[in-house]
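> Here are the chains, one letter per residue:
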Amino acid sequence: MSGIPYSRRRVLQALGAIPLSLPFLPWERLVHAGPPVTPPKRLVLLMQNNGTQQANFWPDANLRSPILDALFLDPKTGLENGLKAKTNIIKGVYIPNDANGTNGNQHDMGFARLFTGAKLISRGGQPWGGGPSVDQLLAQAWKVDSLTLAVLASQTEPHPKPGFDHRESFSYLGPATLKHPRKDPLEVFNYLFPPAPTDTRRRMSVLDAVAGNLSEVQGRLGPAERAKLDYHLTAIRDVERRLSGPGGTCPMRPAAPPDYPSLDPNAEVSVDTYIPQMVDNMLDLAVLGLKCGLTRIATVQLGYGGGKWRFGWKGINMNCHDDVAHLDILDGGVFAENTKRVVLMNQYYASCVARLATALDAIPEGAGTMLDNTLVVWANELGRGDHNQSNVPIVLIGKAGGAIEKGGRVLDAGKQVFNRLGCTILNAMGVSAAGFGDVPDCGVFPGLF
Amino acid sequence: MRLQRLLGNMLGLGALLLLGAGCSGDPEALPPAGTESPPPPLTPAIRRVRRLSSREYNNVVRDLLGDTSRPAARFLRDAYQNGYDNGSAELAVQSDQVVDYEAAAEALAQTAVARGLAPLIADCDLAQQGNAACLQALLDSLAPRAFRRPLTTGEQQRLRAVFDAELAAGGDFARAIQTVLEVILQSPQFLYREELGPADAPEGRGPVQLTDYEVATELSFLLTGSIPDAALWTAVTGGRFKTVADYRREAARLLGTPASRETVRAFLHQWLATDRTATLSKDSGFYPDFNQALADSMGQELDRFYDHVMWDGSGSLRELFTSNQSFVDDKLARLYGVQVSGGGFQPVTLDPALRKGVLSRAGFLAVHAATDSSGPISRGVFLLQALLCLPPPQPPANVPPALPAGDPGAKDLTTRQRFEKHVSSPVCAACHKQIDGVGFGLEQFDGLGAYRTVENGQPVDSRGTLLGTGEIDGDYTGAGELQSRLATSRSLTDCYLRNAYRFALGQIEPTGEDLRALGVGFGSDARLSEVLLTLIADPVFTSRSFEAVKP
Chain R
1 MSGIPYSRRR
11 VLQALGAIPL
21 SLPFLPWERL
31 VHAGPPVTPP
41 KRLVLLMQNN
51 GTQQANFWPD
61 ANLRSPILDA
71 LFLDPKTGLE
81 NGLKAKTNII
91 KGVYIPNDAN
101 GTNGNQHDMG
111 FARLFTGAKL
121 ISRGGQPWGG
131 GPSVDQLLAQ
141 AWKVDSLTLA
151 VLASQTEPHP
161 KPGFDHRESF
171 SYLGPATLKH
181 PRKDPLEVFN
191 YLFPPAPTDT
201 RRRMSVLDAV
211 AGNLSEVQGR
221 LGPAERAKLD
231 YHLTAIRDVE
241 RRLSGPGGTC
251 PMRPAAPPDY
261 PSLDPNAEVS
271 VDTYIPQMVD
281 NMLDLAVLGL
291 KCGLTRIATV
301 QLGYGGGKWR
311 FGWKGINMNC
321 HDDVAHLDIL
331 DGGVFAENTK
341 RVVLMNQYYA
351 SCVARLATAL
361 DAIPEGAGTM
371 LDNTLVVWAN
381 ELGRGDHNQS
391 NVPIVLIGKA
401 GGAIEKGGRV
411 LDAGKQVFNR
421 LGCTILNAMG
431 VSAAGFGDVP
441 DCGVFPGLF
Chain Z
1 MRLQRLLGNM
11 LGLGALLLLG
21 AGCSGDPEAL
31 PPAGTESPPP
41 PLTPAIRRVR
51 RLSSREYNNV
61 VRDLLGDTSR
71 PAARFLRDAY
81 QNGYDNGSAE
91 LAVQSDQVVD
101 YEAAAEALAQ
111 TAVARGLAPL
121 IADCDLAQQG
131 NAACLQALLD
141 SLAPRAFRRP
151 LTTGEQQRLR
161 AVFDAELAAG
171 GDFARAIQTV
181 LEVILQSPQF
191 LYREELGPAD
201 APEGRGPVQL
211 TDYEVATELS
221 FLLTGSIPDA
231 ALWTAVTGGR
241 FKTVADYRRE
251 AARLLGTPAS
261 RETVRAFLHQ
271 WLATDRTATL
281 SKDSGFYPDF
291 NQALADSMGQ
301 ELDRFYDHVM
311 WDGSGSLREL
321 FTSNQSFVDD
331 KLARLYGVQV
341 SGGGFQPVTL
351 DPALRKGVLS
361 RAGFLAVHAA
371 TDSSGPISRG
381 VFLLQALLCL
391 PPPQPPANVP
401 PALPAGDPGA
411 KDLTTRQRFE
421 KHVSSPVCAA
431 CHKQIDGVGF
441 GLEQFDGLGA
451 YRTVENGQPV
461 DSRGTLLGTG
471 EIDGDYTGAG
481 ELQSRLATSR
491 SLTDCYLRNA
501 YRFALGQIEP
511 TGEDLRALGV
521 GFGSDARLSE
531 VLLTLIADPV
541 FTSRSFEAVK
551 P
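In order, the protein sequences belong to chains R and Z.
First residue of the first sequence? That's 1 in this note's numbering, and the numbers climb one at a time after it.
First residue of the second sequence? That's 1 in this note's numbering, and the numbers climb one at a time after it.
Excised from the complex, chain R in its bound form:
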């Protein structure tokens, strides 16, 4: 027996009360009377690469800056979009320069360390994350699977180039074990919103037997191998849960995104053309996953570590890692033309964050909005494009279910180690922690809670 409680629908189905021939949508809400429930907390991590433009990021007293304006102002009306009061900007975060005997550089430290808090570990010299990332720690604590999304296409340098598989994701299930992102919006859509499933009873029966077989193997394994199968078991349970209901809460199946590989077989690998549209799709899918109760954790990765998008859609059309970000070697910028490009890149990332956060803020939930029950983290692998990892900009949006009451602030506690980010996220999400990763007592960002 699986140990998964039968849902009302599943019991009804088993009793034959719901004919399988009737349309059954997994995300259909089961109407049940009862007291209002506290909305669950949710987490969104948005990760960009190549640093910000320091002089154009940090805002004035009114939280205005060229880059942050793209987060807080509606691009059409120029009016504030309401996010400012729910936003805390953390200053002073740095990532120590420590390759830990691997071949890693700052892109790896940003991507594999920021959310794991762990030191890099070597696999044949290549740098990998040394432990689970905060989204996966929460996923295990909450017994859910996260929605892990990325847009990795790149004309300049299709990923993965040999030896750089580790830069595919910042999300880790465990030491050197990536949580792989989904890169095809239509696949994600079909995963979240499968066509009305048939054969639910039979599929449950199959998955139960598979889980039984898994437990039998697991009994013979050492701790690390057992942990590997634990992820697999959690994943099976997640699929079972979504099959057995109550499943998602959205009454209608949303519109599907385009099938990019049918437009161009390399659309998701080596073509820049579709990047902005795919990013929008992924952001919208993350919102839908949360809105419809299909996940509580979503991560969206905009490019791979040290990515080389050309930003043609912002009028740049250059290798923006080598020929733009690397030239930004001073906080104030070096020459105006390059500074303008770095600002344009970062305004784009800010607009992506705004798209997601305003969408969450438009969903009524409890006494407020879904954003009030969510923590959206906008993070960066670097502080500045020349690989400088001081003042890595961290933007926290949302009230995390009441854990964060105030907003509209820049919290500047001076130089502070990046591990506080993981510790802050855990505590905001209701998991008590004194530190994170390799700094077990780093505490949270001062003044936030």
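Think of the hints as simulated: they come from the structure by calculation, not from any bench.
Just to be clear, a hint being listed does not mean it is correct.
Claimed, not checked - Across the chosen pairs, the derived CB separations fall in these ranges:
hint, chain 1, residue 1, chain 2, residue 2, range
1, Z, A293, R, K76, 42 to 50 Å
2, R, D199, Z, G116, 17 to 25 Å
3, Z, R253, R, P254, 50 to 58 Å
4, R, A336, Z, D289, 35 to 43 Å
5, R, L330, Z, Q417, 24 to 32 Å
6, R, D264, Z, S37, 50 to 58 Å
7, R, L330, Z, P40, 48 to 56 Å
8, Z, R334, R, Q277, 51 to 59 Å
9, R, A362, Z, A132, 33 to 41 Å
10, R, D264, Z, D125, 51 to 59 Å
11, Z, G130, R, Q277, 56 to 64 Å
12, Z, Q417, R, A413, 46 to 54 Å
13, Z, A174, R, P40, 40 to 48 Å
14, Z, R115, R, D199, 19 to 27 Å
Stated by the list, open to error - Covered by chain Z, according to a simulated footprint, are these stretches of chain R (three or more residues, beta-carbon under 8 Å):
hint, stretch
15, 100–110
16, 393–406
Stated by the list, open to error - List time: in silico DSSO-like cross-link candidates among lysine-lysine, alpha-carbon distance up to 30 Å:
hint, chain 1, residue 1, chain 2, residue 2
17, R, K406, R, K91
18, R, K415, R, K76
19, R, K340, R, K314
20, R, K415, R, K161
21, R, K161, R, K406
22, R, K143, R, K340
23, R, K314, Z, K331
24, Z, K433, R, K161
25, R, K314, R, K76
26, Z, K411, R, K340
27, R, K161, Z, K421
28, R, K161, Z, K242
29, R, K143, R, K415
30, R, K340, Z, K433
31, Z, K411, Z, K421
32, R, K161, Z, K331
33, R, K143, R, K314
Where a beta carbon is used, it is the ideal one built from N, C-alpha and C, also for glycine.
With chain R held as given, fit chain Z onto it using these hints.
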């Protein structure tokens, strides 16, 4: 000018740090060449389960069910953790993969049952023998091949329960068998290869011998990328797969099968990263003739070249890096400037002064190049890392970019000249002397692999210098001479040992591991497969130790 001064200042600071560190990015360097002490035994690996890669999954369902639909083509791409797609030590399963496995299993089971029940139930006569006996036939025949061993009592009971539930729900025998098949195809016993030893092995740290079934499975996946074939299965079930002589006999036989060709080809493609022709991208402004069909031709030339070297030729490193035999279609003939008659791929003897060895083939050169130019840095880094196991460190933080190929200031410069300007500072020179000394040697080939003597009106210079590579250090000119040097290099043969180990074991060797035990008698002229035959007889292949438990 201001920018250059600034960059210069910043680089000056970095120089002190970097020069102090020297130029070795490899924290796991091999013991120095020429060490003559007897090779120490290899460290036994820990007990684990190894998830099938997509390549292996497709092969397994082909061999188990005769299904050639390649369902894993839509699975998540496997990370090359050990440098290969079978880096199974850290391959896990996440919920979107569970959904993928489910969808694949449903489609496979449906197709298999629609084709006929007989092969699934070992020709059991349902009318004569009844449901229970015919289910048992599946549990005794197909299921063990899927799990690569006899089923445990618990596994049999679970499958029977699923079967009974399906009949109770109104399904017929075929439907119940289909459901059982779906369970089998999603079970960890199918999706992971077990390397655990006997179920009753005592807990402890000492190595334990793997079961005959496990060794047979390991051997067949290494050499054929799939489950044991009928002959190996018969040998292991009949108790004729127990000794090193048995292993060698079966390995020699498997090396003659078509599945083995495919697997060795996959190994070579992954070692040299030439599998990336499938996702090759070029800037049409610089390479208007490039398209995916040309990239596919590049990949297919290498398929044929690898097969030719391995199976028609000597199968040696020397031939791989010096042969001028190849196979081209009309697209590649144009690129190479050779004449062929007839359609499709035709054998061709290339001018050895221009093209010999795998490093002069378009599939290698185009993958290891930028989208707009040849890419000597990435070529140099890759060759040092992949062929000589001398990975340079990643570049320091604030590397100023080289002049882009499309920059107006680059229009009278060769690619080499653009990069020479870039690395003229002392901080960069420490590593770039080594990197460029390899990468510049391939400069007579552009980013598509076309031969050139002139670039942007300037003569192409393909002189290089090997540094830090032991006995092959020194000046040379061009890809041909570079490869002739490589073919005599102890660093290359040692590095191949590492790669063979990583592919076979699905993991990186332990830090500081001395792999000379695998290379006794091995050299550039030996068959690459000799190392595999040594490896399968070694306890590292046939036994496992226990995972250290944290106190």
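> Does each hint fit the structure? Answer for all of them.
Each hint, compared with the structure:
no.	hint	in the structure
1	A293(Z) to K76(R): 42 to 50 Å	44 Å, holds
2	D199(R) to G116(Z): 17 to 25 Å	22 Å, holds
3	R253(Z) to P254(R): 50 to 58 Å	55 Å, holds
4	A336(R) to D289(Z): 35 to 43 Å	38 Å, holds
5	L330(R) to Q417(Z): 24 to 32 Å	29 Å, holds
6	D264(R) to S37(Z): 50 to 58 Å	57 Å, holds
7	L330(R) to P40(Z): 48 to 56 Å	53 Å, holds
8	R334(Z) to Q277(R): 51 to 59 Å	36 Å, violated
9	A362(R) to A132(Z): 33 to 41 Å	59 Å, violated
10	D264(R) to D125(Z): 51 to 59 Å	53 Å, holds
11	G130(Z) to Q277(R): 56 to 64 Å	58 Å, holds
12	Q417(Z) to A413(R): 46 to 54 Å	49 Å, holds
13	A174(Z) to P40(R): 40 to 48 Å	43 Å, holds
14	R115(Z) to D199(R): 19 to 27 Å	20 Å, holds
15	100–110	holds (count 7)
16	393–406	violated (count 0)
17	K406(R) to K91(R)	16 Å, holds
18	K415(R) to K76(R)	37 Å, violated
19	K340(R) to K314(R)	11 Å, holds
20	K415(R) to K161(R)	35 Å, violated
21	K161(R) to K406(R)	43 Å, violated
22	K143(R) to K340(R)	45 Å, violated
23	K314(R) to K331(Z)	37 Å, violated
24	K433(Z) to K161(R)	23 Å, holds
25	K314(R) to K76(R)	16 Å, holds
26	K411(Z) to K340(R)	26 Å, holds
27	K161(R) to K421(Z)	25 Å, holds
28	K161(R) to K242(Z)	42 Å, violated
29	K143(R) to K415(R)	35 Å, violated
30	K340(R) to K433(Z)	35 Å, violated
31	K411(Z) to K421(Z)	14 Å, holds
32	K161(R) to K331(Z)	25 Å, holds
33	K143(R) to K314(R)	40 Å, violated
Hint compliance for this structure: hints 8, 9, 16, 18, 20, 21, 22, 23, 28, 29, 30, 33 are broken, all remaining hints hold.
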